[in-house]
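Colleague: Residue-level listing of the chains:
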Amino acid sequence: MEIMNETLENISEMLDTKKISSVELVNESLKSIEATKDLNILHEVCRDNALEMAKDIDAKRANGEKLSKLAGIPIVIKDNISMVGTYTTCSSKFLENYKSPYNATVVDKLLQAGAIIVGKANMDEFAMGSSSENCAFGVVHNPRNPEYVPGGSSGGSASAVAANQCFGSLGTDTGGSIRQPSSFCGVVGLKPTYGLVSRYGVVAFASSLDQVGPITKTVRDNAIMLEAIAGYDNNEFTSAKHDKESYYKDSFKNSIKGLKIGYAKEFFESLNNQDVIKSMENAMNFFKENGAEIVDIELPHIKDALAVYYVLSSAEAASNLARFDGIKYGVAAKEYNDLIDFYFKSRTQGFGSEVKRRIMLGNFVLSSGYFDAYYNKAKAVQNLIITEFSNAFKNCDVILSPTTPTSAFKIGEKVNNPLEMYLNDIFTVPVNIATLPAISVPCGIAQNGMPLGMQLIGNRFSESTLFNVADYYERNCFSFREVK
Amino acid sequence: MEYDVVIGLEVHSELKTKSKVFCSCKNEFGGEPNTHCCPVCIGLPGALPIPNKEAVKMTIKAGLAVGSQINDIAIFERKNYFYPDLAKAYQISQAVRPICIGGGVEIEDKNGHKKYIRLNRIHLEEDAGKLIHNSKIGGTMVDYNRGGVPLIEIVSEADMSSAEEAVAYLSKLRNILQYIEVSDCKMEQGSLRCDVNISLKPKGSEKLGVRAEMKNLNSFRSVTRAIEYEIKRQSRLLDEGEEVIQETRRWDDARNRSFSMRRKEDAQDYRYFPDPDLLPFKIERSLVEEVKRTMPKLREEKINDYVNDLGLSEYDASVLTNDLNLVKYFEKVISYFNKPKFVCNFILTTLLKKVKEDEENDDLVIPIEPQNFANLLQMYESGQISQAICRELFDEIWTTNEDCLKIVKERNLVQNNNEDEIKEMLKVLIEEFPQSVQDYKAGNTKALSFFIGQLMKKTQGKANAQIASKLIKEMLD
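Order-wise, the sequence lines are chains H and R. Count along the first sequence from 1, then add 44; that gives the number in my numbering. Count along the second sequence from 1, then add 268; that gives the number in my numbering.
None of these hints come from the bench; they were simulated from the model. Be aware that one or more of the hints could be misleading.
[As the list claims (entries may be wrong)] Partial list, computed: chain H residues near chain R (C-beta under 8 Å): (1) Asn49; (2) Lys137; (3) Asn141; (4) Gly245; (5) Val246; (6) Gly275; (7) Tyr276; (8) Asn279.
Only a predicted model underlies this, so the values are computations on that prediction, with no experimental measurement involved. Backbone N, C-alpha and C fix where the C-beta goes; we use that ideal spot for every residue, glycine too.
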């Protein structure tokens, strides 16, 4: 299973030069999955299908066909992404037996690129949570230390990469759900610009904030994956008509000379975790020493982003999750008095408590009499935040912040305190509110032995800039290889 | 006490686009249950809507036809409520920024008095599926074929004051929507539906009374009856000093009365908010201009054409153009048999009478194929068949739609136009009924019809009545 330590980039090279076959690789991946199954990372392993596809790719390669960089490589996807032939449960009891009859666009794109989807990863139910403890099929354990949470909601996706079950995974990020677990697990996670990657077939949590993105060991691996899944989708009205970019080929300049890195005190003044403070100081020194300039910027309203987020995301979620009524699929109450009772019981039985909390919150802020005070107010503040970021990017290329206020915490530690749990996303949420891209890369090890993450935020569609800066940092300062 | 009646209508009309409003499924009435469905219109997890441009255009067209303003930016919103026919548990609709604002239509009563009914708005939304109660399995099933069919809601101001005005307004709207070809407006199939808001206030009073909303009005007749019923119900309450409660009532056509569905305090909070999957969309002026250019002729223009080009009378043209189905039928018939005045006469007298025998036939369904009907009229006009035979055949093919040429041939119904033969037969009759000859000579002209009647009986209606009348008169005088 040594081979599973490799990066996606190297493995791609090895496949290309026939040092290993895809079938061998998938078998290694399946072995690794079996060896780490106690971490409860995957809900479903697509063994037969994966081997079948690997055979197919090997045959194509033997025929001399030109294949994409992802061809034949084991990949994991989050369990809220629809894929024919698999369950799409969103780690909810409600959808325990739900199989989608159609593929998400990102799945079609991965399959077209020849990627081998080996499993579907556990998550916080319907992507609501920051610890992967809100999972109907058991909590996910952090591969760096199983006593710790892997973060969430894409905890399974980040763990699958950290545990060497695969070479890359897809997560979804509504308020930090890719970056926060990537930070907790010591891997690289990208939340792309809203609209860059298709949401079609991805079970919606908050439609205006959700975005699919890759989780990988290295920044270069991440660029390879983004290239495969990005692009306009005519099945999605909010999809961006952005020209296709060759992220892998064009992003990496191996220099950050003259780069302006924005420093907003709002991201740092509330920090009280010494590990995080230290890692940020180190990062800033590194950037300065290597020719970048640190410029002060102001983002006074990002302190309100979390409040805005819980109003908007809950409102949208309440409406998006209303279709889970037991009539068409999913949990249907067996005994009930009338239609209302049927809805009530089916939803009570099917949803976990965090999901119920968000549905109630969302319906509350949408009710007549409260709509202006909450929803419209939140929308107004969102516009302020968007404007502040866009002004900030007039003076800098990227903005630096910690990904999370602390490193990973222990399983059970925050499960009874939802507000404290929500604070985990305080640095990641503003990015979604402002529809921007951001990447989290490992940047140190905390006292508790758990990895730390650094967030780089870019302007809309500046993914290649983020890749360049993050890659430079990773090659010259700190990388996943230092995380044990 | 005397009351002023205040009525406003919400009219729903299904657009006849090729595909549904947010997916590419067929927009077609009927079909095996759940066969015109996809992940989008049955609201599967992860599926996303894409607005149908054709539906937006048709909504603009409807707006332009009734003088609405077209908004520069329109917003789709979610109307959230639970019901099994609503797959996503929300309906994509429009609240704060519909596509069309304002406008109005002019109606006319029997005495030619005109009245302008203002419109509040026209918005675009999606239809829900249909519940089917299945007694065999003792349960209710859902058919989502209709789910996602584009629907426009046309909301009037409360400018009407009687059932007659409401019906005039509704038929005027239907006429317009049919002419601009955005909807079939078939009440029977539910492609035109109507809710009525109605309240009473003391005659001359400025203050509006409490209103009730009537639902489930599926024909012009039920609109009339429901309004009349509601006026009686509310005035009785007010006369007795009781309160009218703000509520939604369901009209039961079979029992000829309405029932309370839900009261104001039970009214649902629909929690409208902008659909995040459908960003506010810009309606380009160029699109509005394009729709303007493709606007088909409205009724007034048709009437002009018929009077000037086809030589119909103003009155005949006006009756004929009252319904687009009739117009289309008429135009098809004259494409086979180009005698517009003759065809129009027969339609306005015999055919319309037949249509109206069925009170529920609001959609003016004409079961005879236009070509078959044209053949029938041609045979009659050219004297091949008699008027009597023509009428009989018309009644027959109305139910069977069998080829009238074939029937005439098989049963040998061709009219006898031979003067000598008719004369011979009349001679026999004159000998047979001397008393009637006496009657005629004494001045009773009815005796002539008696002879014609006898002649028709003898010939099974095949004798040419016109020739026979002329002859009998000559013979007796």
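Colleague: Holds or violated: is the Cβ of H:Gly275 closer than 8 Å to a Cβ in chain R?
Modeller: violated (16 Å)
Colleague: Would you check whether H:Lys137 satisfies its interface hint, that is, whether its CB is within less than 8 Å of any CB in chain R?
Modeller: violated (15 Å)
Colleague: With a cut-off of 8 Å on the beta carbons, see whether H:Asn49 makes it to chain R.
Modeller: violated (34 Å)
Colleague: Given H:Asn141 as an interface hint, is its Cβ closer than 8 Å to any Cβ of chain R?
Modeller: The hint is violated - H:Asn141 has no Cβ within 8 Å of chain R, the shortest such distance being about 13 Å.
Colleague: Does the CB of H:Asn279 sit less than 8 Å away from some CB of chain R?
Modeller: holds (6 Å)
Colleague: Against chain R, with CB atoms and a cut of 8 Å, does the hint on H:Tyr276 hold up?
Modeller: violated (13 Å)
Colleague: Taking 8 Å as the limit, does the beta-carbon of H:Val246 come near enough to a beta-carbon in chain R?
Modeller: Holds - the Cβ of H:Val246 comes within 8 Å of chain R, reaching about 5 Å at its closest.
Colleague: Is the interface hint for H:Gly245 satisfied, with its Cβ closer than 8 Å to some Cβ of chain R?
Modeller: Holds, because the Cβ-Cβ distance from H:Gly245 to chain R comes to roughly 4 Å (cut-off 8 Å).
Of the numbered hints given earlier, the model fails hints 1, 2, 3, 6, 7; all others are met.
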